[in-house]
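One letter stands for each residue in the lines below.
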Amino acid sequence: MQQSDLRAQLKEFLVELIKVAETRLPVDVYEALKKAYETEENPIAKQHLEAILRNSELAAKLGKPICQDTGTPVFYVEMGAEFPLRAEFYDIAREAVREATKLIPLRPNAVDPFRKKNTGDNTGRFVPWFEVEIVPGDELRVTFVAKGGGSEAPSTLKMGLPIRGVRNVWETVLEAIVEAGPKPCPPVVVGVGVAALSDQAMALAKRAALLRPLGERHPEPDIAELETKLLEAINELGIGAHGFGGKTTALDVHVEYAHRHPATYAVAVATNCWALRRATGYITSSGKWEITSKHITG
Amino acid sequence: MARIYHLRTPLSEEDVRQLRVGDTVYLSGIIFTARDAAHRKILDLINRGEPLPFDPKGLAVYHVGPVVRKKNSEWEVIAAGPTTSARLEPVEHEFIAKTGVRMVIGKGGMGKKTAEACKKYGAVYAVFTGGAAVLAAQAIKRVVDVYWLDELGIPEAVWLFEVENFGPLTVTIDSTGKNYYDEILENAKKKAQEILAKLQ
Chain X
1 MQQSDLRAQL KEFLVELIKV AETRLPVDVY EALKKAYETE ENPIAKQHLE AILRNSELAA
61 KLGKPICQDT GTPVFYVEMG AEFPLRAEFY DIAREAVREA TKLIPLRPNA VDPFRKKNTG
121 DNTGRFVPWF EVEIVPGDEL RVTFVAKGGG SEAPSTLKMG LPIRGVRNVW ETVLEAIVEA
181 GPKPCPPVVV GVGVAALSDQ AMALAKRAAL LRPLGERHPE PDIAELETKL LEAINELGIG
241 AHGFGGKTTA LDVHVEYAHR HPATYAVAVA TNCWALRRAT GYITSSGKWE ITSKHITG
Chain E
1 MARIYHLRTP LSEEDVRQLR VGDTVYLSGI IFTARDAAHR KILDLINRGE PLPFDPKGLA
61 VYHVGPVVRK KNSEWEVIAA GPTTSARLEP VEHEFIAKTG VRMVIGKGGM GKKTAEACKK
121 YGAVYAVFTG GAAVLAAQAI KRVVDVYWLD ELGIPEAVWL FEVENFGPLT VTIDSTGKNY
181 YDEILENAKK KAQEILAKLQ
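Residue numbers (this note's numbering), protein chains in the order written: chain X, 1 to 298; chain E, 1 to 200.
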């Protein structure tokens, strides 16, 4: 395939990936919200969960953004070492974001922090954000995430004391969720990262919150047990949907870790609102592309 | 006992004084949008004694940065769910006092100063379902006008919307100054301490 043709295919794939993520909730997220609605006994929380479900169905049906905060664009990339457009990928992804912003449309969210100017097209300095991993093969696998500002605001990083061990995790998580209260649009998905370095902890927490399917536990049994216990504890807080009280404050908790440094115990907590917007797909070096994640159809 | 109200703007003091936390409201009539920059802009104009391009008295101010686009020279509202209200806490009491708005709509709750202003001037704070942007857009029948679009940009400009049965809105601060979230968050804090105390 000609490089220029592959370039066009790659852009088409990324624009569609952004559109699916912004307008159609992933099936795992929708099912978790539906379960929260069905089990909720607090009438106000239930009313708002019903509005959430109706809104998600309408967005999918009409092809409109689920939330008006269409987020900061983030690309999680598994780049095949033999994929032909490796160096160009960043520019093509930026073009795709600009095009999707006009087409869907998306709200322009890239603001210069010092000069206050909005770029108007959702691209700017370090926007979109990329996390890239090189893998064998000639395919490019991408997960696009639209990260909302309201659920990003309560992000928490605590450099804990090694001597206190896992207690650092419990305290940081529960305090962050109570402090966040209704602000990040619960029911939330919680990602917890434990690591040697501060930025590493946050990156792992983000991945855990955004990428792992809801309901899926960590492969290591003791970490899986910690996730289950943290989820139960968060839901015992009684904050509930949008802070109106009730059973479901978090839809799930995912923990990820790196081996730490003897002197550090970095704990990061990342939350995502109920509108967890992610979509995954791949493109081959011959230009064939497909969106592999499952989404509601409305 | 929570009740359901259908109200129309401009709201009277009597309209909002009857509302209590936990009540549901469906709102019709004119509402206007304002987030951080627009609150600042409106207060600056009032404080300088300059006229506003519209009369906010009795209206509802909606914390939102909508997605809108121009279609055949008409504005189309694509998505318009609420933004986090806590960011406006430092100025909302002054905003209520000086504009005469009777309802503040957003998400995530507001604090003590806003609750005091609601009590003093006769206003309420109500929550629209966070993220329910398409549902909100469906209830917006028409863009009546937009102000300071060039200066503030689409999400931050002030949009005057005509709405029909906009809701469900849950009252979380009423005109007695009661804040629904206070108790929930106080209990959550206590519960968290209990859970942590049980850990080895």
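Please keep in mind that the hints were generated in silico from the structure rather than gathered at the bench. Heads up, some of the hints might be wrong.
Stated by the list, open to error - Straight-line C-alpha distance at most 25 Å; calculated SDA-like pairs for lysine to any residue:
| id | chain 1 | residue 1 | chain 2 | residue 2 |
| --- | --- | --- | --- | --- |
| 1 | E | K198 | X | G238 |
| 2 | X | K35 | X | L62 |
| 3 | X | K247 | E | Q193 |
| 4 | X | K247 | E | E194 |
| 5 | X | K102 | E | G153 |
| 6 | X | K102 | E | A139 |
| 7 | E | K141 | X | P105 |
| 8 | E | K112 | X | E175 |
| 9 | E | K190 | X | P108 |
| 10 | X | K61 | E | N165 |
| 11 | E | K198 | X | L157 |
| 12 | X | K19 | X | K102 |
| 13 | X | K34 | E | P168 |
| 14 | X | K61 | E | E76 |
| 15 | E | K198 | X | M159 |
| 16 | E | K98 | E | R87 |
| 17 | E | K191 | X | R164 |
| 18 | X | K35 | X | I296 |
| 19 | X | K117 | E | K189 |
| 20 | E | K191 | X | T156 |
| 21 | E | K141 | X | A60 |
| 22 | X | K102 | E | K190 |
| 23 | X | K46 | E | K98 |
| 24 | E | K70 | X | P108 |
| 25 | E | K189 | X | M159 |
| 26 | X | K229 | E | E186 |
| 27 | X | K247 | E | N165 |
Evaluated hints:
1. With a C-alpha separation of about 18 Å, the suggested pair K198 (chain E) and G238 (chain X) falls inside the 25 Å cut-off, and the hint holds.
2. Of the pairs offered as hints, the one joining K35 (chain X) and L62 (chain X) holds, with about 24 Å between alpha carbons and a cut-off of 25 Å not exceeded.
3. Pair hint K247 (chain X) plus Q193 (chain E) holds up; C-alpha atoms about 19 Å apart against a cutoff of 25 Å.
4. Distance restraint check for K247 (chain X) and E194 (chain E): the Cα-Cα separation of roughly 18 Å lies within the 25 Å cut-off, and the hinted pair is therefore satisfied.
5. For the proposed pair K102 (chain X) and G153 (chain E), the alpha carbon gap of about 15 Å is at most 25 Å, so the pair holds.
6. Restraint check for K102 (chain X) and A139 (chain E): satisfied, since their Cα atoms lie roughly 24 Å apart, inside the 25 Å limit.
7. Distance restraint check for K141 (chain E) and P105 (chain X): the Cα-Cα separation of roughly 19 Å lies within the 25 Å cut-off, and the hinted pair is therefore satisfied.
8. For a cut-off of 25 Å, the pair hint linking K112 (chain E) to E175 (chain X) stands: about 21 Å separates their Cα positions.
9. Distance check on the hinted pair: K190 (chain E) and P108 (chain X) sit about 40 Å apart at the alpha-carbon level, beyond 25 Å; violated.
10. Only pairs whose Cα atoms come within 25 Å are accepted, and K61 (chain X) paired with N165 (chain E) is accepted, the gap being roughly 21 Å.
11. This hinted pair checks out: K198 (chain E) and L157 (chain X) have alpha carbons roughly 24 Å apart, not beyond 25 Å.
12. Among the hinted pairs, K19 (chain X) with K102 (chain X) is consistent with the structure: their alpha-carbon atoms are about 11 Å apart, no more than 25 Å.
13. Between the alpha carbons of K34 (chain X) and P168 (chain E) the distance comes to roughly 19 Å, so the proposed pair stays at or under 25 Å and holds.
14. Restraint check for K61 (chain X) and E76 (chain E): satisfied, since their Cα atoms lie roughly 17 Å apart, inside the 25 Å limit.
15. The suggested pairing of K198 (chain E) with M159 (chain X) holds, with an alpha-carbon distance near 23 Å, which does not exceed 25 Å.
16. A hinted pair counts as satisfied when its Cα atoms are at most 25 Å apart, and K98 (chain E) with R87 (chain E) qualifies at roughly 19 Å.
17. As the CA atoms of K191 (chain E) and R164 (chain X) are separated by approximately 21 Å, the hinted pair is consistent with the 25 Å bound.
18. Annotation: proposed proximity of K35 (chain X) to I296 (chain X) holds, straight-line Cα distance about 15 Å (limit 25 Å).
19. For the hint pairing K117 (chain X) with K189 (chain E), the CA-to-CA distance comes to about 39 Å; that exceeds 25 Å, so the pair is violated.
20. Simply put, K191 (chain E) and T156 (chain X) have alpha-carbon atoms about 20 Å apart, close enough for the 25 Å limit, and the pair holds.
21. Distance hint between K141 (chain E) and A60 (chain X) is fulfilled; the C-alpha atoms sit about 21 Å from each other, no more than 25 Å.
22. For the proposed pair K102 (chain X) and K190 (chain E), the alpha carbon gap of about 47 Å is over 25 Å, so the pair is violated.
23. With a C-alpha separation of about 36 Å, the suggested pair K46 (chain X) and K98 (chain E) falls outside the 25 Å cut-off, and the hint is violated.
24. Our distance criterion of 25 Å between C-alpha atoms is met by K70 (chain E) and P108 (chain X), whose separation comes to about 15 Å.
25. In summary, the hint linking K189 (chain E) to M159 (chain X) is supported, as the alpha carbons are separated by about 22 Å, within the 25 Å threshold.
26. With a C-alpha separation of about 22 Å, the suggested pair K229 (chain X) and E186 (chain E) falls inside the 25 Å cut-off, and the hint holds.
27. With a CA separation close to 28 Å, the supplied pair K247 (chain X) and N165 (chain E) exceeds the 25 Å bound.
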